[in-house]
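> Please assemble the complex out of the two chains, which come individually in their own frames, going by the hints.
Below, each chain spelled out in residue letters.
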Amino acid sequence: MKKILIVEDEIAYSRILEEVLKKEDYTIITARNGKEGLEAASSEHPDIILLDIRMPVMDGTEMLTELRKTEYGAKVKVVMLTNLEPDREIITKVVKDQPTYYLIKSDISIEELKAKIKLLLLEDEDETLPKAA
Amino acid sequence: MDNILKILGINKTDNSSEASIALILKQVVDNMSNGCMVLDKDFKFTYINKTISEQSNADQQRLLGKSILEEYSEMVGTEVFRRIQEAMKNKIRDQFEDEFTFKDGHKAWYSMVLRPFEGGLIILTEHIGEKKINEQKLISANQNLDVINKTHEQTSSTMIKVLEDLEKTKVAIDNERARDEAMLKSIGEGVFAVDKDNKFIIINKEAERMIGIGAAKLIGKEKSPSDVPLEYISGEPILVEDRPTRAVLKSGKQFFSDKIVLVNKNGSKTPIALTVTPIKLNNKIVGAIDVFRDITLEKQIDRAKTEFVYLASHQLRTPLGIIKWYIESLTAEKYFKDAPVSIKDYVTEISKNNERLLDLVRNLLSVSRIDEGRIRDEPQEIDVVETIKPIIDEIKKIPTSIHVEVSFKPVGKVPKIFIDPVKFSEVLENLLVNAIKYNKENGKVELRVKDGNGKVQIEIKDTGIGISKEDVKHIFGKFFRSEGAISNNPEGSGLGLYVANSYVESWGGKISVKSILGKGSVFTIILPLKIKRQ
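Each protein sequence line maps, in turn, to chains A and B. The numbering of the first sequence is the working numbering, which starts it at 8 and goes up by one. The numbering of the second sequence is the working numbering, which starts it at 42 and goes up by one.
Hints may contain errors.
Unchecked claim - Label pairs and their computed distance ranges (CB to CB): (1) 34(A) / 515(B): 54 to 60 Å; (2) 515(B) / 125(A): 42 to 48 Å; (3) 32(A) / 420(B): 39 to 45 Å; (4) 94(A) / 219(B): 49 to 55 Å; (5) 489(B) / 129(A): 36 to 42 Å; (6) 427(B) / 32(A): 36 to 42 Å.
Keep in mind the hints are simulated off the structure, nothing from the lab. All C-beta atoms in this analysis are idealised placements derived from N, C-alpha and C, irrespective of residue type, glycine included.
Just chain B, same shape as in the assembly (with noise of 0.2 Å):
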């Protein structure tokens, strides 16, 4: 207070109105909101404001004679107080914003501004913290608005294309919808689908057509493909546990058959090919399709075939016959038997041929019989092991070009087994033989026979020739011959194999073969006890 008075140059008891007005003026400054502080020349406080006191919350006495410098240290090195000294120094006036850290820690942005005079520096503060923020705020709400705004255009033609886009992916699922239910229409087999439960989801109507179902009353009424009659070509219907669909929701594998009967719901019988197939999701079983088309034209187009094969078979046996007796009849002639050599050799390969065309027209009426499932079984109870010891004997008797030694163990006890006898014998020698010509000098066959998990289990062993990983594939074909096989025995027929495996299919029963070329090959016929019908 005195310090100001004697800047001002006024004495305290000069009673003048200047005195007045300096007083005045004096309280004006201590309470203005301004902050106001005084230095002399070597920064030192010489008056400070209530204000100023206030704000850095420190006593008015307590800081007159010390330095800004120590008071406010953490101004030491800033713009501020740079500013501060350039204008004692070149006694120049200057106003600048900044924000300021306090002692204690905050910060609040200051106007200032700095009067140097006579003695010093005046230095004239301003909190516009508020007024900062508000600016701030403001610029940060334009910067925000624009970026909002930015954004807004952005989101709404993203938007937009992704409208376009759903509309077009719209169309083209519709157009998809519409060729696939063309499709369904159209093709010409019954086509459907059940879900993991086995009912029905979808239909086609050639389905409905050959169930005589409409799809109203199959979808969403829990109806399975269970509910539609199936039957075996015997005319036996197909028990629900032996249904293809169903079974193929349980075992994720693919069905086929073109030797079931669908029947219609007014009673007419429709031989069909049938499909399943399971569909899969992420590995889960979820449901199955079936496809499965009327196959009457193809069963009587077979039927013609087998017939004419049949009908032909026995044109071609009534000739063969004849040569097969004219020629045992010549042979058992005594002068034959002094006939030259030439023509002894001459009549056997003439006989030797006349038999290779009888073979092959009994394997092909046993393959005509067999495409035309009428295997005629006359089953019977019958002890395996006594069955199959007279079978070894008779092969053992077949003359051969090369030494084989053929054996026959059973293992352990055999259970019985209910089956056509004259059919597994004919199976049995149709493996063994092949076994014996396949084989090489000195070789082995051997025949075991056990109980393999309640079912029949038989095996046929050789040392023969084997057969390729790619033969084997291809073996229990119709007329097949490996190369190996054609080049050992070029008067085989290919169909042995062939009617074994459809005997075998026929009573549920299963062959299979292990082999490693040249070395040899393991032949497995698994045999349920009861045969079931197929």
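Chain A with its partners taken away, still in its complex shape (with noise of 0.2 Å):
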């Protein structure tokens, strides 16, 4: 069974995400900010991290860095879900750090959100499948 980290500080957001998911039979584990999220990977180790950037005491951009300084989190999946537009300034920070997706929550409609996660687990599953971009 599969591990969700669903790391967002809006509520509405990570209720409807855990709600949805979970009916997936995925295990959903949640955070409220970057600091938590850092905590909740290093003990969880998830498959897979939902990652919000504006968050308060640690954004998404920071954690991520974070992340992937270990072992675990250079090698996790992380899929960047905001709806802050990539301007250059957010671009430097997190293209460095490879994130798997950058989704806009408002451009993306729940039903595309499911396909791509399970497409990624299924990467994880099987190599031969292509990458997802």
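Given below as structure tokens:
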């Protein structure tokens, strides 16, 4: 059973994601900011991390940088889920840490998100499948 | 001779002093400078002296016995002859002056004295030609003098008037110049003018200040605006062949840009709004005028606006995104399928309008990105035809209320193009979606692409509602929606074409439209093969 970590400070988002993904038989862990997210990631080792950017205490880009420094964190699939436009500042911050996806929440449907998550997890299982962009 | 003696009652043989006196008298009369002729009662010459015969170039002998009328036939009807007849008839003395025309055509003034006597008429003539001429000359001269005097007076007064006017004009010109100089000095914009060879001929203080070089170093020193460094907003220098003043001198068309940066001699950079206007004389370009102003403040305000939009869009997206997902989940629930129709309808309406808001936010973000000049391009070499095919396929999948046939026609060999594929798709999608949305039932949309003189030419033709001549002028503007568009699709944002046009222009290309209201439109996009940065 696959584990998904949701790092999101907006409760409404966190809640709906949790509910929808639980229905897909994923185990869901949630965190409210980057700091909590790092702790949850190191203790739970989720298969996928859904990461928001604008959060108090520690934002998503910082968490990603820290995450990639760990052995586990260097390889884990991270889907940035945000409403921030990818401007030059963010891109430069994020690109070096190689998130797997950068998705705009308001531009994607839940169905599409579910499909992308599924694909990423299948990739894990079967290395012959084409890698997601 | 004999006649005179007879007339004088002198006997030839008489040796008395009377005869001698008579002889002397005759000599005198014969040789005097006055002309003397004697006519009998029948107007025939009985005597003419030497002067007469010389003057009329006639022999004395020949004339004697001839009628004066014969000899001087041209005299008939003249005043002279009338007088002669009068004198003869009425035995009255007469004296007058007249101009005679001789047989040979020459004219001369004579004074005539007529003295009738028992046997006829004595006519004494005096040539007064010289006298007359001099008299006339004097009269003419006097008249001329009068005229000259008058003319001189007139000329004097005219000259005075002219001088006065000149003085006034000079003062007026001085005043105007002073005013113009004051204006040039005081206006907050930089102004300079160049001649047809693109050399500075005049420059105001503000321009000197912004350029950082004094007029003395620019005017009459073979310096041209091309010697002043200009950059695009991106920081790239504007090449000589793209320099605005140079281009205007060549094309004769006005130039405007607010996306140019002026580099001062001291290295500081100022964003400017620049207008270059050609100066034409008799349809020839004789120079150009550049007017520019510092728009740093405007740019700062713009940036603040953009940042606000940027931040606001994020703030807007969050609740909108939440609504979007909750509705999606709601409609996915099992019980929703069994919900009453009204609930389904209402939820559909909520969902639609939520998407509308999201669309608006998306467009606002595109616009703010465009306005700030930071369209991040990631160009790649793409096969145009292969890139367009999937776009058409996706477009065909969009559900529409009317049935519209969409077709794709590549014509001939289409060159590869170096362009950002995502934005390229966005532009085509914008135009294609419009072509479908504003179409008629069973309408058609056709996309053609071909090589157009070394550039890629894309045409999107539709059988839609068309665009009026008035609206065509505004169609690429921000938030513009024609009446037809609004009634056809009230939810449009009016930004799709603005975004498409901005992208295409930033690539150095051009979008244009030809349309007939009620029949349809053709949008044409022309793209250079290698995208020029602007």
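> Hints first: check each against the structure and report whether it holds.
Here is what the structure says about each hint:
Between residue 34(A) and residue 515(B) the Cβ separation comes to about 56 Å, which falls inside the hinted range of 54 to 60 Å. Between residue 515(B) and residue 125(A) the beta carbon distance is about 47 Å. The supplied range of 42 to 48 Å therefore holds. Under the hint 39 to 45 Å, the C-beta atoms of residue 32(A) and residue 420(B), about 43 Å apart, fit the expected range. In this structure, residue 94(A) and residue 219(B) meet the distance hint of 49 to 55 Å, their C-beta atoms being roughly 53 Å apart.
A beta carbon spacing of about 41 Å between residue 489(B) and residue 129(A) agrees with the range 36 to 42 Å that was offered as a hint. Between residue 427(B) and residue 32(A), the C-beta spacing of about 40 Å keeps the proposed range 36 to 42 Å intact.
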